[in-house]
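Novice: Please model the complete structure; the sequences and the hints are all you need to start from.
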Amino acid sequence: MEPVYFPIIGLARTVFALQGLKFSVKGDTNIPAEGGAVIAINHTGYLDFTYAGLPARTNKRYIRFMAKKEVFDNPVGGPIMRALKHIPVDRSAGSDSYREAVNRLRKGELVGVYPEATISRSFELKEFKSGAARMAIEANVPIIPVAIWGAQRVWTKGHPKRLGRTNTPIAIEVGTPIAPFEPAQELTDKVHAALQAMLLDLQRDYVHEPGAFWVPARLGGGAPTLEEANAIEQAEAEAKASRRSE
Numbered sequence: 047m048e049p050v051y052f053p054i055i056g057l058a059r060t061v062f063a064l065q066g067l068k069f070s071v072k073g074d075t076n077i078p079a080e081g082g083a084v085i086a087i088n089h090t091g092y093l094d095f096t097y098a099g100l101p102a103r104t105n106k107r108y109i110r111f112m113a114k115k116e117v118f119d120n121p122v123g124g125p126i127m128r129a130l131k132h133i134p135v136d137r138s139a140g141s142d143s144y145r146e147a148v149n150r151l152r153k154g155e156l157v158g159v160y161p162e163a164t165i166s167r168s169f170e171l172k173e174f175k176s177g178a179a180r181m182a183i184e185a186n187v188p189i190i191p192v193a194i195w196g197a198q199r200v201w202t203k204g205h206p207k208r209l210g211r212t213n214t215p216i217a218i219e220v221g222t223p224i225a226p227f228e229p230a231q232e233l234t235d236k237v238h239a240a241l242q243a244m245l246l247d248l249q250r251d252y253v254h255e256p257g258a259f260w261v262p263a264r265l266g267g268g269a270p271t272l273e274e275a276n277a278i279e280q281a282e283a284e285a286k287a288s289r290r291s292e
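According to my numbering, the sequence shown holds residues 47 to 292 in order.
These aren't lab readings, by the way, just hints derived from the structure by calculation. Check each hint, because a few of them may be wrong.
[Unchecked claim] With a straight-line cut-off of 30 Å between C-alpha atoms, the simulated DSBU-like cross-links for lysine-lysine are:
| no. | residue 1 | residue 2 |
| --- | --- | --- |
| 1 | Lys153 | Lys114 |
| 2 | Lys236 | Lys153 |
| 3 | Lys114 | Lys68 |
| 4 | Lys207 | Lys286 |
| 5 | Lys115 | Lys203 |
| 6 | Lys236 | Lys207 |
| 7 | Lys72 | Lys114 |
Specialist: What follows is the structure, given as structure tokens:
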């Protein structure tokens, strides 16, 4: 029993019901009943992690998510994140969080990661970092891809929150576990391909509004293309670096 995680999930489900969120989940039995695994999730919104944990509950498992250190520094959210045993990531000292994640995996825990590192403004899959693959290889555990679609409609980067009763459908698919193998880049590419196929599968059955901000340009939406989104992020990174130097 998790004295904090269990009631937090109950509270979250109550909030989801009040929001009218409509979940459809496929492949939840691909989450193992025991043993460690890296849960690799696409990243379209700030609340992805609250939805990604739902399939794990089929086998009564909990996911420990890796999240940026700033979340843990928050006076309200920080104590909760620590009580849920999530893993803080300090980008200036990333090796510490990496080691902690590997240790958790070896102890049989599920560790949730975003291989894209940041939210995709285009809602298309960005290039993946190799950290998830390297952790899986070192801990000798599988990677389980999890695709989420619709989370960006609730709260995403550059758009207002929609936390009221929106009746938003959110689709989740859990893929077949991928056994670790080297080199890490080839494993990373395999996970990317699996998540890409799953994402397209979810999108086929989802009703998209033409021109809506949350719909990819490829599907007739108002989101920037992947190339445009990358350019926006590059400009933001350069501006941030300039401010730091001043």
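Novice: Looking at the structure, which of the earlier hints fail to hold?
Specialist: Going through the list in order, the structure violates hint 6 alone and respects the others.
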